[in-house]
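Below, each chain spelled out in residue letters.
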Amino acid sequence: MKVIVELTGKKRNLEIPEKSKVIDVVREARVNPETVIVKRGKEILLEEDPVRKDDEIELIRIISGG
Amino acid sequence: MKCSKCGRKAVFHRKYEGSYLCEKHFVRSIEDKVRKTIRKDSMIERGDSIAFALSGGKDSSAVLCMISKIFSKRNDLRMFAVSVDEGIPGYRKESLEIAKRLCKKLGIEHHVFSFKEELGKDLSDKVGGRKPNEWEGTACTYCGLARRWILNRKARELKADKIVFGMNLDDEIQGIMMDYIRGDLSRLSRMGGEPILRSEMFVPRIKPFREIPEKEIGLYAILTGLEIQEKECPYLEGPRFRVRDFLNDLENQSPGTKFSVLKTFERLLPSVREIIKDENVRIVKCGKCGEPSSQRVCKTCELWRN
Numbered sequence: 027m028k029v030i031v032e033l034t035g036k037k038r039n040l041e042i043p044e045k046s047k048v049i050d051v052v053r054e055a056r057v058n059p060e061t062v063i064v065k066r067g068k069e070i071l072l073e074e075d076p077v078r079k080d081d082e083i084e085l086i087r088i089i090s091g092g
Numbered sequence: 003m004k005c006s007k008c009g010r011k012a013v014f015h016r017k018y019e020g021s022y023l024c025e026k027h028f029v030r031s032i033e034d035k036v037r038k039t040i041r042k043d044s045m046i047e048r049g050d051s052i053a054f055a056l057s058g059g060k061d062s063s064a065v066l067c068m069i070s071k072i073f074s075k076r077n078d079l080r081m082f083a084v085s086v087d088e089g090i091p092g093y094r095k096e097s098l099e100i101a102k103r104l105c106k107k108l109g110i111e112h113h114v115f116s117f118k119e120e121l122g123k124d125l126s127d128k129v130g131g132r133k134p135n136e137w138e139g140t141a142c143t144y145c146g147l148a149r150r151w152i153l154n155r156k157a158r159e160l161k162a163d164k165i166v167f168g169m170n171l172d173d174e175i176q177g178i179m180m181d182y183i184r185g186d187l188s189r190l191s192r193m194g195g196e197p198i199l200r201s202e203m204f205v206p207r208i209k210p211f212r213e214i215p216e217k218e219i220g221l222y223a224i225l226t227g228l229e230i231q232e233k234e235c236p237y238l239e240g241p242r243f244r245v246r247d248f249l250n251d252l253e254n255q256s257p258g259t260k261f262s263v264l265k266t267f268e269r270l271l272p273s274v275r276e277i278i279k280d281e282n283v284r285i286v287k288c289g290k291c292g293e294p295s296s297q298r299v300c301k302t303c304e305l306w307r308n
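Protein sequence lines, in the order shown, are assigned to chains A and B.
Heads up: the first sequence begins at 27 in my numbering, then just goes up one per residue.
Heads up: the second sequence begins at 3 in my numbering, then just goes up one per residue.
The calculated label-pair distances, taken between Cβ atoms and stated as ranges, are:
(1) A:R56 / B:Y18: 22 to 30 Å
(2) A:E32 / B:R30: 23 to 31 Å
(3) B:Y18 / A:K36: 27 to 35 Å
(4) A:E32 / B:G109: 33 to 41 Å
(5) B:K75 / A:M27: 51 to 59 Å
(6) B:D251 / A:I30: 20 to 28 Å
(7) B:P272 / A:K45: 51 to 59 Å
A partial selection of chain B residues facing chain A, derived with a Cβ cut-off under 10 Å:
(8) E232
(9) K233
(10) D247
No lab work stands behind these hints: they were computed from the structure.
Note that the Cβ used here is the ideal one computed from N, Cα and C, for glycine as well.
Take these sequences, add in the hints, and give me the full structure.
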């Protein structure tokens with residue numbers, strides 16, 4: 027199924043298996059889960075939360091940059 | 003998943019302690035932990051004048067916001083913020099605007115100083131166009147030295163008793179690992195939590211977030227409505243960032259690794275201090291700028307004024 031992932035203002039489509047969880051999306055986006063907070067709209071998501079087809083998932087980078 | 007404390011929807015899974023926390027209990031847990039850290043290491047004392055090193059990033063914004071909230075009823079404390087504009091195109095301007103808005107919202111006095119005014123050059127003038135060298139002379143070395151030099155000098159001139167930094171657990175253990183890697187026991191011996199007065203010329207630094215993982219500060223900042231700058235500094239380079247990624251990989255595979263590094267270091271700290279007690283260098287005034295230094299000319303003047 028397709029989900030839309032937004033990272034630092036850039037959106038892209040990701041193809042992931044049915045019944046995937048947030049952690050699967052983060053891994054598929056090649057991001058270390060330690061470095062992002064995941065949101066769907068205003069909702070903060072946990073790694074084990076399920077994702078649905080066409081979800082817009084935002085990965086907010088929280089790693090300090092100097 | 004439900005909050006382990008109240009059954010509301012959880013916003014965070016704190017794997018290293020096996021708990022799930024809702025928004026309210028997550029925010030409360032962070033503030034309680036910071037209060038405990040401040041008390042344990044006697045970071046803030048009656049009548050203190052406290053300068054906040056404020057970059058406008060999530061850590062320095064969150065520490066200013068939280069400390070001013072925790073101590074809102076303490077009329078004996080004076081708080082103000084100091085920001086440094088390094089002159090990093092496309093990066094620092096945005097965070098300084100965030101810093102300015104935050105201080106205005108909190109009613110905190112805000113002072114901004116720049117590399118250009120204090121040292122005659124922006125960071126981009128100094129390091130722009132050069133090739134990164136992985137082990138010495140990175141942009142982060144130039145920038146960190148100059149930033150600390152300005153912050154200490156200005157905090158002292160503004161009569162601060164302490165400078166608060168937003169360094170979190172991740173920053174702290176990256177520093178510890180870097181000191182191990184470089185074999186710098188002198189610097190390692192100063193990585194404890196309590197404020198250290200090395201010389202009257204140095205304003206003691208305090209780090210109330212040193213036991214809070216970076217990810218949790220990020221979530222705290224989001225939940226409390228702080229503005230977050232997601233951009234990374236364009237000059238970011240050097241081994242520290244490889245250490246950062248390595249520690250994040252380990253934490254991801256074995257939750258609790260970061261705390262383990264800090265706690266082990268704290269157990270070793272008295273021995274480290276014992277080992278270097280005879281090596282402690284005398285602090286003198288730099289012959290060029292008059293700031294405290296372990297050499298005749300301080301490292302900032304050596305790198306920036308030659």
